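Student: Protein sequences, first through last, are from chains H and A.
Be aware that the first sequence starts at 1, since it is given in the numbering used here, and climbs by one per residue.
Be aware that the second sequence starts at 1, since it is given in the numbering used here, and climbs by one per residue.
One-sided excerpt, in silico: chain A residues whose CB lies under 7 Å from chain H:
(1) Ser123
(2) Asp131
(3) Leu139
(4) Thr140
(5) Lys170
(6) Arg286
(7) Gly293
(8) Asp330
Once the Cα atoms are required to be at most 30 Å apart in a straight line, the calculated BS3-like pairs of lysine-lysine come out as:
(9) H:Lys231 - A:Lys333
(10) A:Lys333 - H:Lys206
(11) H:Lys66 - A:Lys376
(12) A:Lys333 - H:Lys122
Simulated from the structure, these hints should not be mistaken for laboratory data.
The model shown is predicted, which means the values in this text are computed figures rather than measured ones.
We put the beta carbon where it would ideally sit given N, CA and C, even for glycine.
Chain by chain, the residues:
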Amino acid sequence: MKPVTSMLLALVLSATVWMNQAAQAAESPSGRSVMEQMLRTYYYAGKDVREDVLMRIVNRQGQVRKRHLTMLRLDQADGGEQSYYLYFREPADVEGMSFLVAKHPGRNDDRWLYVPAVDLVKRIATSDKRTSFAGSDFTYEDVSGRDLDEDTHELAGEEAVGEHAAFVVKSTPKRPEGVEFSARKFWIDKATHLPLKMEHYDLQGKLYKVYEAQEIQTIQGTPTITKAVMKDLGNERFTEIALQAVSYDIGLSADVFQERSLRSPPTQWIR
Amino acid sequence: MSSKSEAYAARRHSGSAKAVFLHAITVAAAGLLCFQTPARAANAPEIHGFVEALYGPKLLGDERTQKDEFNVLEQRLQLKAAWQPSRSAPLASWSPKFFYKGDLVVDEYDEALRYQIREAHVSGSPFTWVDVKLGRQILTWGTGDLLFINDLFPKDFVSFFIGRDDEYLKVPSDAAKLSFFSPWASLDLVLIPFFAPDTSITGDRLSFFDSFLGRLAGEESNHLLTEPSFQPKNTEIAGRVSRTVGGYEIAGYAFRGFFKHAMGIKNQDAQELFYPELAVYGASLRGPAPAIGGITYGEVGYFDSLEDRRGKNRLIENASIKYLTGYERDLPKDLRIGVQYDVEQMLGFTQFKASVQPGDVPRDQFRQLLTLRITKLFWLQTLEASFFAFYSPTDDDAHLRPRLAWQINDQWKATAGANVFFGQHDWTEFGQLEDNDDVYGRVRYSF
Numbered sequence: 001m002k003p004v005t006s007m008l009l010a011l012v013l014s015a016t017v018w019m020n021q022a023a024q025a026a027e028s029p030s031g032r033s034v035m036e037q038m039l040r041t042y043y044y045a046g047k048d049v050r051e052d053v054l055m056r057i058v059n060r061q062g063q064v065r066k067r068h069l070t071m072l073r074l075d076q077a078d079g080g081e082q083s084y085y086l087y088f089r090e091p092a093d094v095e096g097m098s099f100l101v102a103k104h105p106g107r108n109d110d111r112w113l114y115v116p117a118v119d120l121v122k123r124i125a126t127s128d129k130r131t132s133f134a135g136s137d138f139t140y141e142d143v144s145g146r147d148l149d150e151d152t153h154e155l156a157g158e159e160a161v162g163e164h165a166a167f168v169v170k171s172t173p174k175r176p177e178g179v180e181f182s183a184r185k186f187w188i189d190k191a192t193h194l195p196l197k198m199e200h201y202d203l204q205g206k207l208y209k210v211y212e213a214q215e216i217q218t219i220q221g222t223p224t225i226t227k228a229v230m231k232d233l234g235n236e237r238f239t240e241i242a243l244q245a246v247s248y249d250i251g252l253s254a255d256v257f258q259e260r261s262l263r264s265p266p267t268q269w270i271r
Numbered sequence: 001m002s003s004k005s006e007a008y009a010a011r012r013h014s015g016s017a018k019a020v021f022l023h024a025i026t027v028a029a030a031g032l033l034c035f036q037t038p039a040r041a042a043n044a045p046e047i048h049g050f051v052e053a054l055y056g057p058k059l060l061g062d063e064r065t066q067k068d069e070f071n072v073l074e075q076r077l078q079l080k081a082a083w084q085p086s087r088s089a090p091l092a093s094w095s096p097k098f099f100y101k102g103d104l105v106v107d108e109y110d111e112a113l114r115y116q117i118r119e120a121h122v123s124g125s126p127f128t129w130v131d132v133k134l135g136r137q138i139l140t141w142g143t144g145d146l147l148f149i150n151d152l153f154p155k156d157f158v159s160f161f162i163g164r165d166d167e168y169l170k171v172p173s174d175a176a177k178l179s180f181f182s183p184w185a186s187l188d189l190v191l192i193p194f195f196a197p198d199t200s201i202t203g204d205r206l207s208f209f210d211s212f213l214g215r216l217a218g219e220e221s222n223h224l225l226t227e228p229s230f231q232p233k234n235t236e237i238a239g240r241v242s243r244t245v246g247g248y249e250i251a252g253y254a255f256r257g258f259f260k261h262a263m264g265i266k267n268q269d270a271q272e273l274f275y276p277e278l279a280v281y282g283a284s285l286r287g288p289a290p291a292i293g294g295i296t297y298g299e300v301g302y303f304d305s306l307e308d309r310r311g312k313n314r315l316i317e318n319a320s321i322k323y324l325t326g327y328e329r330d331l332p333k334d335l336r337i338g339v340q341y342d343v344e345q346m347l348g349f350t351q352f353k354a355s356v357q358p359g360d361v362p363r364d365q366f367r368q369l370l371t372l373r374i375t376k377l378f379w380l381q382t383l384e385a386s387f388f389a390f391y392s393p394t395d396d397d398a399h400l401r402p403r404l405a406w407q408i409n410d411q412w413k414a415t416a417g418a419n420v421f422f423g424q425h426d427w428t429e430f431g432q433l434e435d436n437d438d439v440y441g442r443v444r445y446s447f
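All chains should be modelled from the sequences, with the hints used to inform the complete structure.
Tutor: Shown next, in the form of structure tokens:
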């Protein structure tokens, strides 16, 4: 082969490769953008929401603990600050307790707990977000979202979950200290951007926790995961979560998310 | 003895006024219930509660008190009911809500059956910017963890020291609470027409230092406590102005009423004590600790002893300033720690020193108190191990409260703990309780 021809061939080849890569980049978004889209869709659905959260925590022996709470959420901006108000209804010993959270992306949340038996508004320190939420297999971060910048997100491919085409994203913590997993893998619905499945891998790289969405309903035009399960494989236990009476954009205002609501629950939303 | 029966008479009188007050609330609730149409039966009051058994044997078998073997042995039934009239009821726009919580206690220490109304109140919002709560209620504010400066609502330290649930540290007040809200600040105003003191240690259940006898005493202690009578001018008023700025809660407090402990001697020979008039002005701040994370707080209160402002009367507690600072944080794996430092500065200390008589309890100008709280959750948050310690370097005394609480399932909870006291002297707050050390166990079924 003549040197000129071979050079030309090499050029054409590399150009093709480059063009292919460019085409691929245009087709498939980055892991980070898929993740960002998911966080906004899943944790920031609607401007505000009122919903009943029911949890069944089932241990190895099959014993069941139940949690029932009503949650109000208001977003200041998509992907930004949020306020949460939680009113516990079950079990009986926590009935009437309420919880207020001002979520600040990038720094510690402000959290208050109200204990009605002693009329006490307690401030809760919140540096560890990996603790269990209300004794369930969900962590605080699972419930309110982990900061996008805490992990590096890599698009690991595409794979269908049931009938839903999904992106697979692998998220690796930037600061491994303080988290009990080495990586998480998400299956994110291409159509709705909701997380259909999530796997936690421990520090040895072993799968130990799996989340699965079990039911998606479209409520006021917003696809919503209304049933899901978090399985703890090592401890052989799981928590089922169900959302009921979900209504979006009900016109919550910032003054609902104040100490006032802890001491006297807003009867308009909490009856 | 005559003054004793008078004091009791006064209490009885005020008791009947309270009964009228509570009945009025019940009648109002019943009246509104009548407006309920049968179709609205779904709106029936929800009833919850628990049954609980508690046993707290004494570790040292103190023979001064009524029972030598135990500090507490009781069974308790608590019922609570909340009810909101339907949205079509009269005054529904006020969002009225009725709440009742009462305890029936078989108390084998006092050998008595007691019925206590813990709460019975109606609350609502007559305007969007006003909340009202009227009736028997538990009231708490301030920042301290088991330390109180501007919270001058009554407390039951006997319950606290013998192992009852933390809930019983708080004594209900028969009061009207008005809360006003604005974008700039919130104002809470509490009016308490019926004086309720702290439940003080009398020697029946816990032995203590009897300043009249000048030694540790039990049953034989015979103080006469005279409470302020039920009169409009004796209505206690407590107020708080608060707002939150950037995650920091700022509050100012004011109180006009009476000492919650009988801090005045009316008649030394008759061993008669009373509750002197008191005004308190204070402030608090609570929020995230910069840089290190966690929550930090500080509170201060100036206690103006209105009947002895300059400290000249040795029979009445002097004015003081109380300071508190605290820090709490969480660590991985459900571990929490909290520390507090509390200082009580007696004002008019020179006058106090000058008027001290032989046999008077020695006091420091600055009494200091440190507390430590450690809480750790195990077994997927179903077992809570906690430890709380009070330690006073100036009084040389301490109080330790270890506790294990196991949430067996959604209904059953078992708690075991201890109350242990140390002290160099018989007359300090915790030192006087040294012979009352106990362990306790509680089993509760909630429904």
